[in-house]
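Number of protein chains: 2
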Amino acid sequence: MQRKIYIENMPLDEARQLWMNHLSSIGFCSPLTETIAVESALNRITSKAIYARRSSPHYPAAAMDGIAVRAADTYGATERTPVVIKPDHYVEVDTGDYVPNNFDAVIMIEDVNYENNGVSIIKPAVPWQHIRSIGEDMVAQDLLLPSYTRIGPFEQAALLTAAVDKIEVIAQPIVGIIPTGTELVNYGSVDMAPGEIVESNSHMLAGLCQQCGALPLRHKIVADDRKQIKKAVLEMIEQVDMLVICSGASVGREDYTAVIIDELGELLVHGLAIRPGKPAILGSIKDKPVIGVPGYPVSAQLVFHLLARPALFARQGISEPEEVSIQCQIARKLPSHAGVDEYVYVNCARLPNSYYAYPLNRGAGITTSLTKSDGFIRIPRGNEGLEAGELTPVVLHRSRHTIDNTIVCIGSHDLAIDILADLLQLHYGIRLISSNVGSMGGIMSLRRQETHLAGIHLLDPQTGDYNTSYLKRYLPNTNWKLLTLVRRQQGLIVKAGNPLNITNLADLARSKVRFVNRQKGSGTRVLLDFLLEKENLKSENIYGYNHEEYTHLAVAAAVANDACDVGMGVYASANVLNLDFVPLAEETYELCILPDLIDPEHFELLIKIIKSQEFIERVTSLGGYNLEGSGEIRLSSQ
Amino acid sequence: MQRKIYIENMPLDEARQLWMNHLSSIGFCSPLTETIAVESALNRITSKAIYARRSSPHYPAAAMDGIAVRAADTYGATERTPVVIKPDHYVEVDTGDYVPNNFDAVIMIEDVNYENNGVSIIKPAVPWQHIRSIGEDMVAQDLLLPSYTRIGPFEQAALLTAAVDKIEVIAQPIVGIIPTGTELVNYGSVDMAPGEIVESNSHMLAGLCQQCGALPLRHKIVADDRKQIKKAVLEMIEQVDMLVICSGASVGREDYTAVIIDELGELLVHGLAIRPGKPAILGSIKDKPVIGVPGYPVSAQLVFHLLARPALFARQGISEPEEVSIQCQIARKLPSHAGVDEYVYVNCARLPNSYYAYPLNRGAGITTSLTKSDGFIRIPRGNEGLEAGELTPVVLHRSRHTIDNTIVCIGSHDLAIDILADLLQLHYGIRLISSNVGSMGGIMSLRRQETHLAGIHLLDPQTGDYNTSYLKRYLPNTNWKLLTLVRRQQGLIVKAGNPLNITNLADLARSKVRFVNRQKGSGTRVLLDFLLEKENLKSENIYGYNHEEYTHLAVAAAVANDACDVGMGVYASANVLNLDFVPLAEETYELCILPDLIDPEHFELLIKIIKSQEFIERVTSLGGYNLEGSGEIRLSSQ
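Which chain is which? The protein sequence lines are A and B, in order. Residue 357 in numbering that gives the first Met the number 0 sits at position 358 of the first sequence; the count goes up by one each step and never skips. Residue 336 in numbering that gives the first Met the number 0 sits at position 337 of the second sequence; the count goes up by one each step and never skips.
In short, the hints are calculated from the structure, not lab data. One or more of the hints may lead you astray.
For identical chains, the list gives no copy identity; a pair is met inside one copy or between any two copies.
[To be verified] Only pairs whose alpha carbons sit at most 35 Å apart, straight line, appear in this in silico DSBU-like list of lysine-lysine:
1) K471 with K537
2) K219 with K277
3) K47 with K85
4) K229 with K219
5) K537 with K607
6) K494 with K480
7) K519 with K285
8) K47 with K533
9) K285 with K610
10) K85 with K122
11) K519 with K229
12) K165 with K122
13) K511 with K85
14) K226 with K533
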């Protein structure tokens, strides 16, 4: 008797309110505490006021090296009438030593003259001079740290000094994480069958828990079986403060989570008006909060961020760290579904007139959109999206410093760009972000002044020259410089051993040959079309001509994994995947740089890296590259 | 044959340059690396570029639940002319499933009509629709993470997905810490003799190491014995990347460190033109850096911050996090020694017209100046200090949010203020910082508009009334409100059992009685002087009349520790230290609040706390308090 659990479309604010109220009602927002050693309390938070248990110093202490005396014994001392103090009327002290309480002053060693029958003094001591009084630093029963103080190294030192060796702190919430899905396999599996997916979400969620001060407890993978999932939930709920169930990506499967929560506890919400992350589930079992997160990684982390994170901070009685955001111009139009709060991950960079945000691939399965991103844009419900150039806040999770030290490269893709990015980071701490939108896309970004540079390789079929005619046409009144990055082999990427014996373009039209193309506007597509026309070949006759990939490596991977038989791309991408290659042409891949937009020092270091032996060697080792002239400015607009 | 090692006074910049050059020359700035599991790599830093080892998806994957077909089989399908696909010409797929490579499109389950002999379709499929292509997220050999990327949860997920289970990361530098000093004892010692000091510096330095990404290795306490220190240094230098020796506080003793470095390696610097921290030592042994830090905690952490920290970041090949600072008006004159770079720790708060910085006790032994502080002011060499009201940058180590949520209370001390502070933090996340400068000091701060409120208890000897006449005189054209905090018992604090049988003020003048006074300008001092005059007693006859302490607890501690026999203060401070008390008067302790300066919400919550049962109970339990009328506004200026 399985009850049907409908998926709602609840607005986020409403769901959050319901959720936080429910958490309060089940007692989740009352912090638990534990007593731990101060020595291992770094970064923990005090749960109540801590009072000093011993004064420091706990005795009157000499603040100088010298002698302790009674000030009254020194009265009247002058250079002409020195006072001699007998050995039983003073005691030698070093800094920090106890000043016995029959003395009330310390005289610096520099002012003491040793004589046969004692010491002579030529200046009277002021009572209590050079004595640190008891409790100068802290007095027993002083309030040392109020409630909710985060323990740092200074606090540790002060506590130990105050004879407080153990303290009561907020307990770290324990979060159980159950990955479910028959398609999931543990990482480390060498040969994965098609349809198998590495279970990485539970590891990501564990890291996110740690960032909230919580302790994650990962369950092993549970197959898509209602009984097994229920068993895992019932076992784990006893050991944790909160449970996160990672559902499979499919709607049918994740319903188990909602059904089980409904059966064992209280199902609060199933389905949020957010994107990604819609199939989120909120509820509780045995008065412990349970969250169901969708299977796609971008959705999973977003649901955690929006709902688990605030709950975990509330559990610890502390407020969520405030969001840091900057205003950015959005580099391209971002349509949005009016019915949902939409979250779009972006890269950010600083250009002279504004910060820019560059939207990343919005697919919920694109983990690399998370690793690349600097933050996200939130497009609220009721809003149909953002126009290109519109100013919008970006909530950052990377430092402003990184963003300020970023070079943006939009345009065509080449493996040498990645090596350039790595070496700039390695040697100069400069980040280079690249967006692969093809050469024409790069030129349009230059035209809109929203990138520092573009990688381009556009053949002019009339002249046989690369790039120049396009720049003159699209960047007429612009200051630009054209820098040679590499020359490279373009050709057909075929399976190892070339089983279909593809030797020229005409072979693409053969009936059993499956081709994969590059996207419109890419230099490689321009080159292909030029070559097809030259040989009078028709694209309609090529199966897969409309199947587009966005990078050379994606084309090579499609061939390697038998998604197709042949694609066009650079030699290097065939080489790294151990595929065969049929050369068609050598072409020039250049960087078009806008000197008015790029930091002059960044420009200089960019050229320095490209000319470096390390860059030349790493690119050469990929194969199919010619680095003659690399790093030279071939042409300037002015 | 002990060589004399002179203490220099080297400017910090010069020392830092010498030090960093030396570190480079001994190879310290070349990061070491290690290979670790991605699962335990959270917060670590990649030492080289990481490339994907498997594409994701590594197979063409269904992006929807539905059926996989050949698009060509669906051509021509319309509502009027549906196309029927036979069972051997399609396959059912769920989201994420493998789409076998004889199919090239997925049709959503909603668009599929099951029939007896197959499925019927009323719309043709576009080739490659609803299929995630191989490598949509990442392609094998894609640059996944460049060098020097910090691993977060997103990076962990991406690495595992990319079949990268282990990565090469920057090794954490190991820092040896040797505490030296015959006066030192381990924390946990219950009864400490006068002259013994808890060894807390090594724990503080260990925490500071961790904050730099280093691993601390603490040695046990070593006595002030050259042979023993040398033995510890030689043993430890083999196990670590850097060595920190915590010297004793006295100049004579710390010389061992310099002598030993000079003997075993290279002594670079002994003595810096900074304050605190002058006796710092820099050098190397067996090509490993060695730092000698002074024994006072404030000096120790400053030398670590200025010299060990940059070295540890350099060791890891990353730049030090940038300092965050805010411009503050300095609340009082800060004289400085022109010959040194001086570091002064301060509290900060926001007042309507400016941020203010309140200097804390500058003693190098005052650990609580570190725990209280929000940051420090750097007064450069050649500068003789800052005038009150001068604008100066404060380098923050606490969040702006904390500073913006701070109420400042300057004036007299009362234990109830600490309870108020704790409850404001506990219930509302508002910080209350208090500075104990006595009632008159508080009134002067109100007059200069640099505090939100002041705690005052000033008796007017003419009228017998508290506070009013002072406020009228010193805050003539100011909007103020006077709020009752507590009424409390003032009297003489004497040892338990009152061994000297002190029963009234006249007894203070007895020959064997050692008194301790409160500072000038404090309400308690005003009360004492009033009572002495009333009884015709002369202060010159009281031994210790000029011995001043700054809080009630400090007076009580002086009595408890036999630094004196009697002092004047509130009943509660005698009570918490189990001392006896001779009552003299009940007085009113009030808060004078400037409504134009304090956040209205803060003001409201302050009153709410003072009137709360929790506040009343905690204060009452201290003894000697009367909370009738607490939280009521007794008087307003307007």
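Structure-based check of each hint:
1. Taking the closest pair of Cα atoms, K471 and K537 come within 35 Å of each other only inside a single copy of the chain (30 Å); across copies the shortest separation is 97 Å, beyond that limit.
2. In this homomeric assembly, K219 and K277 come within 35 Å of each other (Cα to Cα) only inside a single copy, at 25 Å, whereas the closest approach across copies is 56 Å.
3. Within a single copy, K47 and K85 get their C-alpha atoms no closer than 53 Å, and across copies no closer than 72 Å, so neither meets the 35 Å cut-off.
4. Taking the closest pair of Cα atoms, K229 and K219 come within 35 Å of each other only inside a single copy of the chain (14 Å); across copies the shortest separation is 52 Å, beyond that limit.
5. Neither within a single protomer nor between protomers do K537 and K607 lie at most 35 Å apart by alpha-carbon distance, with minima of 44 Å and 82 Å respectively.
6. In this homomeric assembly, K494 and K480 never come within 35 Å of each other (Cα to Cα): the closest approach is 39 Å inside a single copy and 86 Å across copies.
7. Within a single copy, K519 and K285 get their C-alpha atoms no closer than 56 Å, and across copies no closer than 62 Å, so neither meets the 35 Å cut-off.
8. When the C-alpha separation of K47 and K533 is checked against a cutoff of 35 Å, the pair qualifies neither within a copy, at 81 Å, nor between copies, at 44 Å.
9. Within a single copy, K285 and K610 get their C-alpha atoms no closer than 65 Å, and across copies no closer than 38 Å, so neither meets the 35 Å cut-off.
10. In this assembly of identical chains, the alpha carbons of K85 and K122 lie at most 35 Å apart only when taken from the same copy (16 Å versus 113 Å across copies).
11. Taking the shortest alpha-carbon separations for K519 and K229, neither the intra-copy value of 50 Å nor the inter-copy value of 72 Å comes in at or below 35 Å.
12. Taking the closest pair of Cα atoms, K165 and K122 never come within 35 Å of each other, the shortest separation being 48 Å inside a single copy and 71 Å across copies.
13. Taking the shortest alpha-carbon separations for K511 and K85, only the inter-copy value of 22 Å comes in at or below 35 Å, while the best intra-copy value is 113 Å.
14. When the C-alpha separation of K226 and K533 is checked against a cutoff of 35 Å, the pair qualifies neither within a copy, at 64 Å, nor between copies, at 87 Å.
Hint violations for this structure: numbers 3, 5, 6, 7, 8, 9, 11, 12 and 14, all remaining hints satisfied.
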